[in-house]
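Asks: Sequence:
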Amino acid sequence: MAGIDHVDLVVVGAGWFGLAGAKTYLQIHPEANIVVLADNETIGGVWANDRLYPGLKTNNILGALEYSEFPMTTEKYGVKPGEYIPGSVIHQYLEDFAKEYNVYDKIRFVSKALSAEHKDGGGWIITIASSVSPANFDEYKISTSKLIVATGLTSEAFVPSLPGTENFAAPLFHAKEFPNHLDTLETAKKVCVFGGAKSSYDMAYAYASKGIHVDWIIRESGHGPGWMSESPCIYGDYDGYGTIRSWLHGTTAGRWFVDKYWENSNAEIKMVNNYDGHPETAKLKPWSNSFFVGSMLSILNHDTDIFELLRKGVISVHIGDIVNLSANTVNLSNGDKIQTDAFVCATGWKHIPPLEFLPKGIDLGLPHTPEPGEPDALIERADEEILARFPRLRDQPISSKKAKSMEGTPEGKLEPFRLFRFMVSAQIHRISRYRFYGLHSISLYVVYVPISSTLVEPPRKWFSSPATTKVQIPELADTEDPPAYTPYDTPAQSIVSVAPPDFSSLPSSSSPSNIPSSIPSSIPISNPVSSSRSVSLSGPLRILDSVSASSSVTLYHHVTVTGPVKSSSKVHLYDDVTVEGDVKSSSSVVLDGGEEKGGVRILGTVKSSSSVEMTGDVYVQEDVKSSSKVVLEGVGGLVRIGGKVDASGSVSIKGRVEVEKVESSGKIVIQSLEKQKVVFGELDSRGGMEIEGDVEIRSEFKASGNVRIIGRLHVYGDFTVKAMSKSALAQNSLWMEKDDTWELRAHDIVSEFGYNNQPAFERRMNIFL
Numbered sequence: 001m002a003g004i005d006h007v008d009l010v011v012v013g014a015g016w017f018g019l020a021g022a023k024t025y026l027q028i029h030p031e032a033n034i035v036v037l038a039d040n041e042t043i044g045g046v047w048a049n050d051r052l053y054p055g056l057k058t059n060n061i062l063g064a065l066e067y068s069e070f071p072m073t074t075e076k077y078g079v080k081p082g083e084y085i086p087g088s089v090i091h092q093y094l095e096d097f098a099k100e101y102n103v104y105d106k107i108r109f110v111s112k113a114l115s116a117e118h119k120d121g122g123g124w125i126i127t128i129a130s131s132v133s134p135a136n137f138d139e140y141k142i143s144t145s146k147l148i149v150a151t152g153l154t155s156e157a158f159v160p161s162l163p164g165t166e167n168f169a170a171p172l173f174h175a176k177e178f179p180n181h182l183d184t185l186e187t188a189k190k191v192c193v194f195g196g197a198k199s200s201y202d203m204a205y206a207y208a209s210k211g212i213h214v215d216w217i218i219r220e221s222g223h224g225p226g227w228m229s230e231s232p233c234i235y236g237d238y239d240g241y242g243t244i245r246s247w248l249h250g251t252t253a254g255r256w257f258v259d260k261y262w263e264n265s266n267a268e269i270k271m272v273n274n275y276d277g278h279p280e281t282a283k284l285k286p287w288s289n290s291f292f293v294g295s296m297l298s299i300l301n302h303d304t305d306i307f308e309l310l311r312k313g314v315i316s317v318h319i320g321d322i323v324n325l326s327a328n329t330v331n332l333s334n335g336d337k338i339q340t341d342a343f344v345c346a347t348g349w350k351h352i353p354p355l356e357f358l359p360k361g362i363d364l365g366l367p368h369t370p371e372p373g374e375p376d377a378l379i380e381r382a383d384e385e386i387l388a389r390f391p392r393l394r395d396q397p398i399s400s401k402k403a404k405s406m407e408g409t410p411e412g413k414l415e416p417f418r419l420f421r422f423m424v425s426a427q428i429h430r431i432s433r434y435r436f437y438g439l440h441s442i443s444l445y446v447v448y449v450p451i452s453s454t455l456v457e458p459p460r461k462w463f464s465s466p467a468t469t470k471v472q473i474p475e476l477a478d479t480e481d482p483p484a485y486t487p488y489d490t491p492a493q494s495i496v497s498v499a500p501p502d503f504s505s506l507p508s509s510s511s512p513s514n515i516p517s518s519i520p521s522s523i524p525i526s527n528p529v530s531s532s533r534s535v536s537l538s539g540p541l542r543i544l545d546s547v548s549a550s551s552s553v554t555l556y557h558h559v560t561v562t563g564p565v566k567s568s569s570k571v572h573l574y575d576d577v578t579v580e581g582d583v584k585s586s587s588s589v590v591l592d593g594g595e596e597k598g599g600v601r602i603l604g605t606v607k608s609s610s611s612v613e614m615t616g617d618v619y620v621q622e623d624v625k626s627s628s629k630v631v632l633e634g635v636g637g638l639v640r641i642g643g644k645v646d647a648s649g650s651v652s653i654k655g656r657v658e659v660e661k662v663e664s665s666g667k668i669v670i671q672s673l674e675k676q677k678v679v680f681g682e683l684d685s686r687g688g689m690e691i692e693g694d695v696e697i698r699s700e701f702k703a704s705g706n707v708r709i710i711g712r713l714h715v716y717g718d719f720t721v722k723a724m725s726k727s728a729l730a731q732n733s734l735w736m737e738k739d740d741t742w743e744l745r746a747h748d749i750v751s752e753f754g755y756n757n758q759p760a761f762e763r764r765m766n767i768f769l
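With the UniProt record's numbering applied, the sequence shown closes on residue 769, and no number is skipped along the way.
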């Protein structure tokens, strides 16, 4: 678009997720032009310097909040094991991380994304307000092919509409703005804190620990003081404990044990905090069973006991609604009139995106005001699925019959998040007719909203960050307006993996197969399939356990197998097939995820006594072993293998292919397509090699026999070529075609028989012909 700068990726947010997304994208695409937008003057999002104040700590101890490849050590950051991490340390850690991975210089500070407009042809137009001076903002636009929204749930503060605010003489601010009002720690003698969850504890402690009297107001028409709790996840079944969880929640005996566990947990928390030991602490006793609190967190991570401040009278708790504010007085519904020098709203956050998405009405799975007559069928469907799996939720207690939303709260009128796997909209096909594959797609759209601090970094065996996740959204063909999927549907997963430069985060052979299948829960389910003849099955179909046949096995068109597939003959899988176990064949294996077809996912190993062929979008989580040849063709898609390719015969590779390691007793032939790169972790051939195009080896290159290179070869480790035997030394060669595009880079280059008829050499760093 004329007059607008274009970049490859825009990341909105410079906190935990935004930095991880930018870092991973740059690792995979080091030449990419990316922009990270931060609306603060410093890095960190929630942990930006202008949101910190003395005494602020995380709810996490050392080792529980860090990037796996960038440890937070006691030696560098001064936090001892078992200690909660101070906010200032988190800020410094995130800044160090961004500088270490060359993200820092991609950040535009004091730059707020106002809107993101989706373009018909793909990509986005981002409107940005950048601060020129404290009172002056310059607005401009940039175009991007890909978009990550990593703004989290604590970006936009919610300040309730309180009657009389316009006449209130004391400072009134949200807890987010507390760092801008630190002077009140010196000037105020009495402060009101309004709220009942984590930030209200922090604000009350911050003032009371300085000897300032705190009047802590908790709404009578609210849900009461908060418990400590973890945020639940509907996808918990995939942690390997699905069977026992099903028994605990699906049987009468199981639910009895669950109820007893939570009764004992509630009793223990009440006993430890000794709520009933003093009239003021008794007012902080939660009103509901902790089983039902969701993610309402209150972690006691202060330097001293906050309950002791209540017992000493430094903090007074008031249960009542605010009738109005007047001068320096807060008038409550219980008749209390509280004089105060400052009023802090510890009232949480707006659950709406901090930027506007255009065009109006675009369905991105984000909270929005429902249209009149918008159907509730999806909510009802999700509720029924949840209640069927967790019957205990049908009998929920009412925490307070007086509970109602505060004035000015929009959440009661909003639709909830409808994000597939908490990341992307399942309705992406409504704004693009292309199949959506996250950042690897022509659809060019990603939205990621972190749910809680426990999700700071998803398991690296799945993916390093949302930026590199490869997710296939369910596509219902020949449907003009297909039904949406709520976050509670059995997720439709395609491929989840990542390939950072050292391949250390790719799934290993010990990885659990805990990635959900690709078929919605409403499709037909079959018991294990076994035949003394051939098996040919078309979906949509979910097969429990395994498929085995004495002859061939053919699976196609939306089929999921939750166990292994075994055949004494050929195995042929194509058009959206997921196998959550191994694939073994006494003959050949063909995995076809070619153009106009759905991908093929194997979450175990592939083993064949004959050949293995993979075409198009194919993902194998573990190793591929063949007693004959292996053919990998990433044409019309990406072939990605998380383990090793071990072939007794030749290996032929063409197009977009990413493999951790290739070992072959035969010849390896590699051909990349135009403007595409073939990527390996390690390459080892004992039968010669032929390379054409753009190839990257992220570890070592080893070859015996004739090696011929046409194009560009970049080896991060050593490049070694040797003769197949001493007697064959004169017959073997390293031949590199001379043209304008030829290039060989490596750490150390060793050639036993020279190159292009030149003498043998070693420890040459780079060769350009």
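Treat the hints with caution; some may be incorrect.
To be verified - Here are the simulated lysine-lysine pairs, DSSO-like style, with alpha carbons at most 30 Å apart: (1) Lys190 / Lys99; (2) Lys76 / Lys176; (3) Lys702 / Lys629; (4) Lys312 / Lys283; (5) Lys57 / Lys141; (6) Lys661 / Lys584; (7) Lys629 / Lys566; (8) Lys629 / Lys597; (9) Lys566 / Lys597; (10) Lys270 / Lys260; (11) Lys176 / Lys189; (12) Lys570 / Lys629; (13) Lys270 / Lys312; (14) Lys570 / Lys722; (15) Lys667 / Lys629; (16) Lys285 / Lys198; (17) Lys360 / Lys283.
Unchecked claim - What follows is a set of in silico ranges between Cβ atoms, one per label pair, in the way DEER data are often shown: (18) Ile4 / Asp395: 31 to 41 Å; (19) Ile386 / Phe257: 16 to 26 Å; (20) Lys141 / Lys285: 44 to 54 Å; (21) Arg108 / Glu356: 12 to 22 Å; (22) Lys260 / Ile362: 13 to 23 Å; (23) Ile244 / Ile386: 16 to 26 Å; (24) Ala388 / Lys260: 19 to 29 Å; (25) Ser88 / Ser648: 29 to 39 Å; (26) Glu100 / Pro163: 35 to 45 Å.
Read the hints as simulated data drawn from the structure, not as lab findings. All C-beta atoms, glycine included, are put in the ideal place defined by N, C-alpha and C.
Asks: Which constraints among the numbered hints does this structure fail? Numbers only, ascending.
Replies: 1, 5, 14, 17, 18, 22, 25 and 26
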